[in-house]
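Let the hints inform the model, and build the full structure from the sequences given.
For reference, the chains in residue letters:
Number of protein chains: 2
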Amino acid sequence: MSTQIDIARLGQISPEMIFVAEQESVAPEWLRQQMATGHIVIPKNKHHNFSPKGIGLGLSTKVNANFGTSEKHCNPTEELEKMHLAIRFGADAVMDLSTAGQLHQQLKQVIKESSVMVGTVPLYAVACKLLRQGKPIAALDPEMLFEEIELQASMGVDFMTLHAGITSYSLGFLEEDPRLCGLVSRGGALLKRWMQENQRENPLYEQYDRLLDICHTYDVTISLGDGIRPGCGEDASDRGQIAELLTLGSLVDRARAKGVQVMVEGPGHMPMDQIEANMRLMKRICHQAPFYVLGPLVTDSAPGYDHIVSAIGGTWAAIHGADFLCYVTPAEHLCLPNADDVREGVMASRIAAHSADLVKGNPKNKERDRRMSQARRDLDWEGMYEAALDPIRARERKTQSESNDEDHCSMCGNLCAVKNDRGL
Amino acid sequence: MSTQIDIARLGQISPEMIFVAEQESVAPEWLRQQMATGHIVIPKNKHHNFSPKGIGLGLSTKVNANFGTSEKHCNPTEELEKMHLAIRFGADAVMDLSTAGQLHQQLKQVIKESSVMVGTVPLYAVACKLLRQGKPIAALDPEMLFEEIELQASMGVDFMTLHAGITSYSLGFLEEDPRLCGLVSRGGALLKRWMQENQRENPLYEQYDRLLDICHTYDVTISLGDGIRPGCGEDASDRGQIAELLTLGSLVDRARAKGVQVMVEGPGHMPMDQIEANMRLMKRICHQAPFYVLGPLVTDSAPGYDHIVSAIGGTWAAIHGADFLCYVTPAEHLCLPNADDVREGVMASRIAAHSADLVKGNPKNKERDRRMSQARRDLDWEGMYEAALDPIRARERKTQSESNDEDHCSMCGNLCAVKNDRGL
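Protein chains in written order, with this note's numbering: chain A, 7 to 430; chain B, 7 to 430.
The set of hints was computed from the structure by calculation and includes no laboratory data. C-beta: ideal position from N, C-alpha, C; glycine also. Misleading hints may appear alongside valid ones.
Some chain A residues close to chain B (C-beta under 8 Å, calculated; not the full set) [said to hold, decoys possible]:
#  : residue
1  : Lys78
2  : Leu157
3  : Phe179
4  : Gly188
5  : Leu342
6  : Asp375
7  : Arg383
8  : Leu385
9  : Met390
10 : Asp411
11 : Cys415
Facing chain B, according to a computed beta carbon distance under 10 Å, are these residues of chain A, among others [to be verified]:
#  : residue
12 : Pro21
13 : Ile24
14 : Gln213
15 : Met353
16 : Arg376
Straight-line C-alpha distance at most 27 Å; calculated DSS-like pairs for lysine-lysine [claimed, not checked]:
#  : chain 1 : residue 1 : chain 2 : residue 2
17 : A       : Lys118    : A       : Lys135
18 : B       : Lys141    : B       : Lys118
19 : A       : Lys141    : B       : Lys52
20 : B       : Lys264    : B       : Lys52
21 : B       : Lys372    : A       : Lys425
22 : A       : Lys366    : B       : Lys141
23 : B       : Lys135    : A       : Lys425
24 : A       : Lys141    : A       : Lys118
25 : B       : Lys114    : B       : Lys135
26 : B       : Lys425    : A       : Lys135
27 : A       : Lys289    : A       : Lys366
28 : B       : Lys114    : B       : Lys52
29 : B       : Lys425    : B       : Lys372
So this is what it looks like as structure tokens:
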């Protein structure tokens, strides 16, 4: 069975490549070349039937939305609704991060109902099983983890976060260059604990080839997790983070060599003045792998508004190399997001992605803004709603205001600049 | 009567300078020097008694919130409540942009009740009066405008937006380099219409010295309006905008020469990749005048979410020179903001200001983030609320979640990374 990267290397253009090339207004042969080098991935499991999207160099910036049950709030129906809401508001991908309930049954439903690529973090399911059995994470048998990965792959998961880069090498730097906040990646912290308590190397690293074989069979795209991502601005770009990045770079090469599609995850909490350097460094070290970032969060001090904080960092990150933005919702750092949070989070990330695409990508990315601006000039409200990233909200605000049915809005009334400028 | 800039030039340190220096943790003598050159202003009318703040080089980035009645929604009590709400959530300045109701009576109340600097756009009151009389803007007698400015100055307004830079020179460039969206500044569009219909030069430009005399008497800080600010990304950095900027630069010099404090307003709609150049250019052309920006809005396509769009541009602008951010609310481009919009707008701008200050300013700006990060590491929720830019929201979200009274939050439960990292 061939993966998309295998096909591209054979010089062939798959139906998925044709579909993505059309969607992105790029030439299929150019796309194929970028797929062959691994600069672009099309995450799509052989067992999952949906219209795929591409992620990487020269393509529009994509957005992922997370959802999933938790120990404290386990309502699978509600989580499925969040997934559909995220997709309706424009998410290009979803990740089921459930850690409670009938995980596999829920995941099966997610894969069946999702019209976009689906990602998971298989380690969560294993940690969750141990927790239920009252066992500590140290009791994890690596076999359990590989079985879980194989099972999820066979179910049709399109991409998986696998924290294969957190090793005794990278953790060593946390000793000599201590952090304010330690590890804040769930997967990273679980693996670190397992490694320390068992005095063993990370099994995802040790048995990386086994991982690659599974992913190759189903064409699962590996999303190399950044277990050592900084959890506060002060920890950003420290030795531990960069050491893990070096390992991730090597793992990218090994995945590509085996015909496995791969992308790399990145920070995290990071002040605005370190983002560009990090993006450029990552792209260079990881040989132009597609880059998937969480945030970056440019301040630690705005819980309740982290979707905004993330949009600030995400825009700048995407301009300098990030290809895929994981949304952050207003609930981040405080609680599990609800449906409203999902909408706000998706929209904030889409705004970041679009604002970046306006300056980094294909000239066609400017068409929406041009349509909006023409509609504004013409006081054409239907045109404005149509061009809006969230037409529903734009329409609601105007039509529920005192200036419903009028050409101007309730802010300026007849002192409207557009009307005066045009002598109306 | 001496203004703050006069005092600074005499080598004296005013009580206001001492107060601001303490607030900003800078040396009073250093502040005085920056005041003398006009790199910093302390907007405070002689007739307005409150604790002032400084704006400009090396100081923390400030945030302004607008409110005010409009033709379509005129409830002065509600607007006063918005003002108090904005101040409670951290606005450093407010502008009363009312265009309906008993304007002077309302403004008097605003000045009386505001604990922060108050700004206005006097042209609005005059345009509003004409509108009520059923007269076109072309009927405006420049004497009316100067009387209004003098009246508001005598009432205690601390800073005024005066569009003195929109002239036949700068408007000329709009003919040879036409725009998609024309003028979107209310004041700019009104003046342009007046100038064109009367075939006369802008009275605020022609009689600028008269303006300076009034402002000097009361120590009103002039905020030179950017009547030609771009109204969409495609119009950004065009000849008209830059021509007006050149005029504003000359007007800065003239204000300083007469001992009048002055700052300059800037865009507006602007793609992310033009912001840095604009900020640097503005600072150079205007001889390091404090820079007051509206936005910048890095995409046109997100009505309903323009507070986020503005936070993205505002952060980058503040890092590269903007000293004062005018908030943009979720209602922008759609309707008059309500109380919720005011809170969201203030918070979005404060996040931008703070995120910029983390990398541009005084090392003390990092203290809040350090306290937050320590509290996170220690799962100290009270510490997190205390360090949050909006403690009320942070507390609400956690305490209303399923993990109220627990050390972890409802997202991760016992799979909490912080707990696992610390072996808890």
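Now the hints, each set against the structure:
1. Lys78: holds, 4 Å
2. Leu157: violated, 20 Å
3. Phe179: Violated: closest Cβ of chain B sits about 15 Å from phenylalanine 179 of chain A, beyond 8 Å.
4. Gly188: holds, 4 Å
5. Leu342: Holds. Min distance 5 Å.
6. Asp375: Holds, because the Cβ-Cβ distance from aspartate 375 of chain A to chain B comes to roughly 4 Å (cut-off 8 Å).
7. Arg383: Holds. Min distance 5 Å.
8. Leu385: violated, 11 Å
9. Met390: At 7 Å from the nearest chain B Cβ, methionine 390 of chain A passes the 8 Å test, so the hint holds.
10. Asp411: Violated - the Cβ of aspartate 411 of chain A stays beyond 8 Å from chain B, reaching only about 12 Å at its closest.
11. Cys415: Where the cut-off is 8 Å and the nearest Cβ of chain B is about 5 Å from cysteine 415 of chain A, the hint holds.
12. Pro21: violated, 31 Å
13. Ile24: violated, 28 Å
14. Gln213: Result: violated, 22 Å to nearest chain B Cβ.
15. Met353: Since the shortest Cβ distance to chain B is 6 Å, the answer is holds.
16. Arg376: holds, 6 Å
17. A/Lys118 x A/Lys135: With a Cα-Cα distance of about 23 Å, the restraint between lysine 118 of chain A and lysine 135 of chain A holds, given a limit of 27 Å.
18. B/Lys141 x B/Lys118: Distance ~32 Å between lysine 141 of chain B and lysine 118 of chain B Cα, so the pair is violated.
19. A/Lys141 x B/Lys52: Violated: lysine 141 of chain A and lysine 52 of chain B sit about 71 Å apart, past 27 Å.
20. B/Lys264 x B/Lys52: Holds. Lysine 264 of chain B to lysine 52 of chain B sits at ~17 Å (cutoff 27 Å).
21. B/Lys372 x A/Lys425: violated, 45 Å
22. A/Lys366 x B/Lys141: violated, 48 Å
23. B/Lys135 x A/Lys425: This hinted pair holds, its Cα atoms lying about 18 Å apart.
24. A/Lys141 x A/Lys118: violated, 32 Å
25. B/Lys114 x B/Lys135: holds, 17 Å
26. B/Lys425 x A/Lys135: holds, 18 Å
27. A/Lys289 x A/Lys366: Holds. Lysine 289 of chain A to lysine 366 of chain A sits at ~15 Å (cutoff 27 Å).
28. B/Lys114 x B/Lys52: Answer holds: lysine 114 of chain B to lysine 52 of chain B is near 15 Å, not above 27 Å.
29. B/Lys425 x B/Lys372: holds, 25 Å
The structure is inconsistent with the numbered hints 2, 3, 8, 10, 12, 13, 14, 18, 19, 21, 22, 24, although it conforms to all the rest.
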